[in-house]
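Residue-level listing of the chains:
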Amino acid sequence: MLVTWKYRPRNTFIQRLDPRTRFIFMACVILALTIPEIWDYRFLFPLFLLSLTLFLMARVEWKDMRRAWFYIFILLFFIVGLNAALSGRGGPSSVTNLPSPVLFTISLWADRGWVVQITVSKLWFALNQITRMLTMALPAIMLPYTLDPNIYGTAFKRMGASDKVSFTMDLAFRFLPTFARDLTITVDAQRARGYEVEKLKGGLFEKIRKLAPLVIPVTMQSTVTGEEVIDAMDLRAFGTNQRTWLKELHYARRDYLMIGFGVAIFLACCIMKWGFGIGGFFVPDFFTKFILG
Amino acid sequence: MNNNSTWEFGTRQVVYGAIGAALYGVFSWATNIFPLPAAGNVAFRPAVAVLVFFGAAYGPWVGLLAGFIGNMLGDMLSGWGFYWNWSLGNGLMGMIAGLVMAAIKDFKARPDITKAVGYGLAGIAVGMLFASLTEMFVGGVDFSTALVGYFVPAFIGNAVVTIILLPILMIAFAGVAARRGR
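Quick mapping for you: the protein sequence lines, in order, are chains W and V. With numbering that gives the first Met the number 0 applied, the first sequence corresponds to residues 0 to 292, in that order. With numbering that gives the first Met the number 0 applied, the second sequence corresponds to residues 0 to 181, in that order.
Calculated directly from the structure, the hints in this document are not laboratory data. Keep in mind it's a predicted model, so treat the numbers as computed, not measured. Virtual Cβ for every residue (Gly too), placed ideally from N, Cα, C. There's no promise every hint is true.
Claimed, not checked - Pairwise CB distance ranges (calculated):
| # | chain 1 | residue 1 | chain 2 | residue 2 | range |
| --- | --- | --- | --- | --- | --- |
| 1 | W | LEU55 | V | GLY117 | 37 to 43 Å |
| 2 | W | MET158 | V | ASP105 | 40 to 46 Å |
| 3 | W | TRP108 | V | ILE155 | 22 to 28 Å |
| 4 | V | THR113 | W | PRO45 | 44 to 50 Å |
| 5 | W | PHE77 | V | THR113 | 37 to 43 Å |
| 6 | V | VAL125 | W | GLY292 | 35 to 41 Å |
| 7 | V | VAL175 | W | LYS209 | 17 to 23 Å |
| 8 | V | PHE142 | W | LEU81 | 19 to 25 Å |
| 9 | W | ARG41 | V | PHE142 | 57 to 63 Å |
| 10 | W | GLU226 | V | GLY117 | 24 to 30 Å |
| 11 | W | ILE277 | V | THR113 | 31 to 37 Å |
Unchecked claim - Taking lysine-lysine and the DSSO-like style, the derived pairs with C-alpha atoms no more than 27 Å apart in a straight line are:
| # | chain 1 | residue 1 | chain 2 | residue 2 |
| --- | --- | --- | --- | --- |
| 12 | W | LYS206 | V | LYS107 |
| 13 | V | LYS104 | V | LYS114 |
| 14 | W | LYS5 | W | LYS246 |
| 15 | V | LYS107 | W | LYS209 |
| 16 | W | LYS156 | W | LYS246 |
| 17 | W | LYS198 | W | LYS209 |
| 18 | W | LYS246 | W | LYS163 |
| 19 | W | LYS206 | V | LYS114 |
| 20 | W | LYS62 | W | LYS5 |
| 21 | W | LYS156 | W | LYS5 |
| 22 | W | LYS209 | V | LYS114 |
Unchecked claim - Residues of chain W placed beyond 10 Å of chain V at every Cβ, according to the derived structure:
| # | residue |
| --- | --- |
| 23 | LYS200 |
| 24 | VAL217 |
| 25 | PHE286 |
Generate the whole structure from the sequences, applying the supplied hints.
Pasting the structure below:
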């Protein structure tokens, strides 16, 4: 279960973009949907298509992302989607407050009146919720596969973070594969001593306590490693003066265009919602007709 | 044993912030597949004990950086994307847990362990409450969903893990620190 960054240089438009542009564009999309609370499919679906297009343009191979998509599928459909379809929660109150045709009723505990009504509104909301989450997540999902891990520190520094915070970010990305390897080695070593990760017995408390033989060695070893890194950095006078960074970042014309596009999306969503009252949740007639036949 | 000032931010904090973040990211990634029952998109994370430990051992800045960056790394590795409010909530969790640092004299003394667990629980409460309540704006959830669907399971899950694993981590650290002599 070794974790390594699946980054690979590819000659794509996405990878030619400055990393700052990608962070700013991602922030614009997230803020455009969350600050004015956009739930209108006329905004969500075009933005989803835009995110999907950018994701496809990154040309990340399926074999690299297979495991990640497994997690995403479980999260989106079994946790978020099912929760939204059953409860109608996780969104604006209009999902459950406005009258909507009932498709069917699930009786959980009929004597106590515990019944769940699946309405057209809840179903449409679940679809919107999944689309909305994917729209915000897609630009972030491709980051580890398409952004050089060596450039995170520089990117954050150039975005205004201090040297220390940027270096923390940079070091964290560098340490990640090392500790993942340490965890793998520890799991293997404990297995050789008869420790079976897959067959932890006992209740929840006992199971958590039995994770200690994995968590403790890796954590303690990391504290020792830390002292060595601190010594090395102190010897190089880290933190005594302003740092220079090896990698240089420069905006190109395409970066300005992408940032402008992102800001325009954010402003358009805010203006439409607050200026014209467009962007809230509603169930379109075509969906109701389609579901009810 | 611990004579650093609480709000110092030097090389030590930079390095341990990064180490804490990487560890939190790796352990979170390894356990992100186990969602908490009845929780929206909240996962069961034994890694939280490591985050609280780093806060208690190295201070609030380390806790903040380890929680914020570590949550981001764990989510990115799992392919979940970036949820700034949960990352900030995790950062707050580590930061508040780190306020206990100056009060810890002996990592294997029962009163100091109790103090660390207490601050850890306070951090979990504040951090998870922040993340859950901001879901009202980010995810558009209503107040009761934020509280019952997100905060309660996240708090209970993280608290259980912290109560069990943090004392073990602290006692192990006391041994390592004594051998290292600093």
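Hint by hint, here is what the structure shows:
1. Our hint of 37 to 43 Å for LEU55 of chain W and GLY117 of chain V is violated, since their Cβ atoms are close to 50 Å apart.
2. Checked against the hint of 40 to 46 Å, the pair MET158 of chain W and ASP105 of chain V passes, with Cβ atoms roughly 42 Å apart.
3. Range check, TRP108 of chain W to ILE155 of chain V: Cβ separation about 24 Å, and the 22 to 28 Å hint holds.
4. At about 55 Å, the CB distance of THR113 of chain V to PRO45 of chain W disagrees with the hint of 44 to 50 Å.
5. Distance hint check: the CB atoms of PHE77 of chain W and THR113 of chain V are about 39 Å apart, consistent with the given range 37 to 43 Å.
6. The beta-carbon spacing between VAL125 of chain V and GLY292 of chain W, approximately 50 Å, falls outside the hinted interval of 35 to 41 Å.
7. Between VAL175 of chain V and LYS209 of chain W the C-beta distance comes to about 21 Å, which sits within the given range of 17 to 23 Å.
8. Distance hint for PHE142 of chain V and LEU81 of chain W: a CB-CB separation of about 22 Å, consistent with the stated range 19 to 25 Å.
9. As the Cβ distance of ARG41 of chain W to PHE142 of chain V is approximately 28 Å, the hint placing it in 57 to 63 Å is violated.
10. Taking 24 to 30 Å as the suggested C-beta distance range, the pair GLU226 of chain W and GLY117 of chain V conforms, at roughly 28 Å.
11. Between ILE277 of chain W and THR113 of chain V the beta carbon distance is about 55 Å. The supplied range of 31 to 37 Å is therefore violated.
12. Note on LYS206 of chain W and LYS107 of chain V: the hinted pairing holds, with a Cα-Cα distance of about 23 Å set against a maximum of 27 Å.
13. Between LYS104 of chain V and LYS114 of chain V, the direct Cα distance comes to roughly 11 Å. Compliance with the 27 Å bound is thereby established for this hinted pair.
14. Only pairs whose Cα atoms come within 27 Å are accepted, and LYS5 of chain W paired with LYS246 of chain W is accepted, the gap being roughly 21 Å.
15. At roughly 20 Å between alpha-carbon atoms, LYS107 of chain V and LYS209 of chain W fall within 27 Å of each other, so this suggested pair holds.
16. As the CA atoms of LYS156 of chain W and LYS246 of chain W are separated by approximately 11 Å, the hinted pair is consistent with the 27 Å bound.
17. For the given pair, LYS198 of chain W sits about 11 Å from LYS209 of chain W by alpha-carbon distance, which is consistent with the 27 Å threshold.
18. Annotation: proposed proximity of LYS246 of chain W to LYS163 of chain W holds, straight-line Cα distance about 16 Å (limit 27 Å).
19. The suggested pairing of LYS206 of chain W with LYS114 of chain V holds, with an alpha-carbon distance near 24 Å, which does not exceed 27 Å.
20. Only pairs whose Cα atoms come within 27 Å are accepted, and LYS62 of chain W paired with LYS5 of chain W is accepted, the gap being roughly 10 Å.
21. Of the supplied pair hints, the one linking LYS156 of chain W and LYS5 of chain W holds, its CA atoms being roughly 23 Å apart against a limit of 27 Å.
22. Distance hint between LYS209 of chain W and LYS114 of chain V is fulfilled; the C-alpha atoms sit about 23 Å from each other, no more than 27 Å.
23. Every Cβ of chain V is farther than 10 Å from the Cβ of LYS200 of chain W; the closest lies at roughly 16 Å, confirming the non-interface assignment.
24. Under the 10 Å C-beta cut-off, the non-interface status given to VAL217 of chain W relative to chain V is violated; the minimum distance is some 7 Å.
25. With a cut of 10 Å on Cβ distances, PHE286 of chain W stays outside the contact zone with chain V, its closest approach being about 19 Å.
Consistency note: the structure conflicts with the earlier hints numbered 1, 4, 6, 9, 11 and 24.
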